[in-house]
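Peer 1: The lines below spell out each chain.
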Amino acid sequence: MQRSRSLEGGRARLQVLRGWKIRVACAGLVSASALSACIGPATTFPVYEAKAVVSVEEASSAVQTVRVAASQALADRNFVPYLSETMHDAEEDVTTAEGHFSSIQHPDARSEALRSQAKELLTRASDAVERARIALRASDAAALSRLSPTLADLVSALNAFVNEHR
Amino acid sequence: MKRLLEISLGVLTAIGAFVDVGDLVASAESGARFRMALAWALVLGTIGIVLYAEMAGRIATLSKRATFDLVRERMGAGLGMVTLVASFLVNFLTLAAELGGLALVLALATSLNYLLWVIPFAAALWIVIWRVKYSVMEKTVGLVGLALLVVIVAVWRLGPDWSALLHSATHPVVPNSQTHADYWYWAISILGATITVYEPFFYSSGAIEEKWGRNDLIVNRTNVYLGFPLGGIVSLAIMALGAIFLFPRGIDVQHLSQSGLPVGAALGRAGIAFFLVGAFAAIFAASLETALSAGYIVAQYFGWPWGKMVKPKEAPRFHLVIIVTVIGAALLVQSSIEPVKLTEYAIALVAVAAPFTYLPILLLANDPRYVRTKVNSFLSNFLATGFFAVLVVASVATIPLLIITKGGST
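Residue numbers (the working numbering), protein chains in the order written: chain A, 1 to 166; chain B, 1 to 410.
So here's chain A without its partners, still in its complex pose (with noise of 0.2 Å):
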């Protein structure tokens, strides 16, 4: 009888033990999840500078993204569902960047030059993307064919920040 209580009292003691291994295990797993997801603050120049690089590099991927799907449309070479899934991802993508760098708060005052270059870029990457969205969904060929030099220009902006900046 008693060997059996002990036994009990071992086996519960071992639950209570593997319970807390996988409170700890998931506990583990829910911070190594937010760890690599969460938004760090910018304390220094180069740390803000290196955020801004990351924002606008994220932005001139979209366009590019765009760019390609608005000639893949001119030249009728996909389908109008597919480029316009692209586009709505692409526009998504510049938005989160734009949101993100937005949220950052700037470190010092040499920051805040670059704050409104890095701002400024990345709302004309908004607007030019939403833009060739909403020509594509109206099946506006001469709007979107319009919009390709902009674009371009644009990509050449985005890159030439990321250059000096990186």
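None of these hints come from the bench; they were simulated from the model.
You can take every hint at face value.
Derived lysine-lysine pairs resembling DSSO-like cross-links, with alpha carbons at most 27 Å apart:
hint, chain 1, residue 1, chain 2, residue 2
1, B, K313, B, K133
2, B, K211, B, K133
3, B, K64, B, K139
4, B, K341, A, K51
5, B, K374, B, K211
6, B, K64, B, K311
7, A, K119, B, K406
8, A, K51, B, K406
9, B, K311, B, K133
Chain A regions said to be covered by chain B (calculated; three or more residues, Cβ under 8 Å):
hint, region
10, 51-63
11, 67-74
12, 81-87
For glycine and all other residues, C-beta sits at the position ideal for the given N, C-alpha and C.
Use these hints to put chain B onto chain A, whose structure you have.
Peer 2: Just chain B now, kept in the frame of chain A:
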């Protein structure tokens, strides 16, 4: 002649079903970021899956028992449970990623929000598992998945500088725009996308379902030695498209839609149609494999009756596990978690769990009680042990790299 046809069909099915959403995302993104500098990881992963799938198929064919059935017997209940939990969790995430991938492909074809497709696909998946014959199910999706060979044609049509492409693969260099931590994180992701945790378990369970005998060892070998490497070439072509078309334009693959843009540029609408059909079939095949694998591994560990060919009323717990897993995975995707991010995390976590699932296969393939005289050769053991060592290193490095690189997005 009939035998030759059967073997050819098996090889074609293996090619068509090799690629899944993880390959479509990871190969395209790594090509877009690192050109062909991570081709070695894809080749290494393909060698690894060939070695271990062959072992799993051989063990099942000769012992007449599926791999997980033997894991508990050979490794003991405790270590068997660790293997079960690790495999099940990663398999669950992979299934969710595949369901998300299916929904994304349909969203690209229809422009309707992908979330509208998740529940219907989960239901369709269950109906196919419930009603369609195993051989019909496996061969149909595998053969339709061959439409993805269009990516190889697209690479050729884009007319790349072949020597530069080869040089990038044989002399890997991390581009200035990327960090070394990112490079290694993506190396692990490519490895995870190629090896998959579910494949050996699905493959060995399939051998039991199809009642393979000693004469089918040749089918086992040709499927994995021919079909898997040819499937690996499809993944390599997706990486090459990223390297040729996306890398020079600075396009970072964040969405499945971006993976197909080079195909549109090379082959137009016909190419995109093939790409969407092939991607859908390949991802559907992977969804079936992961959903069935969930039932296989749990039922085999606990010793419950199992099998797609067994009537549901004779294997109720096996079917219940599949239903619950499919519903859980659909709900996870429906929670609007980004499917591509989910895929990226799932393939990275494959590397964490892989040693737990691959070690028992290596041990069993060397145990004459299960494989009789057909134990691993010296060369097989040398290569498989070396690959296992790589997996252990990758497993230890994955979580730190995941944190340092913020999921490969630094």
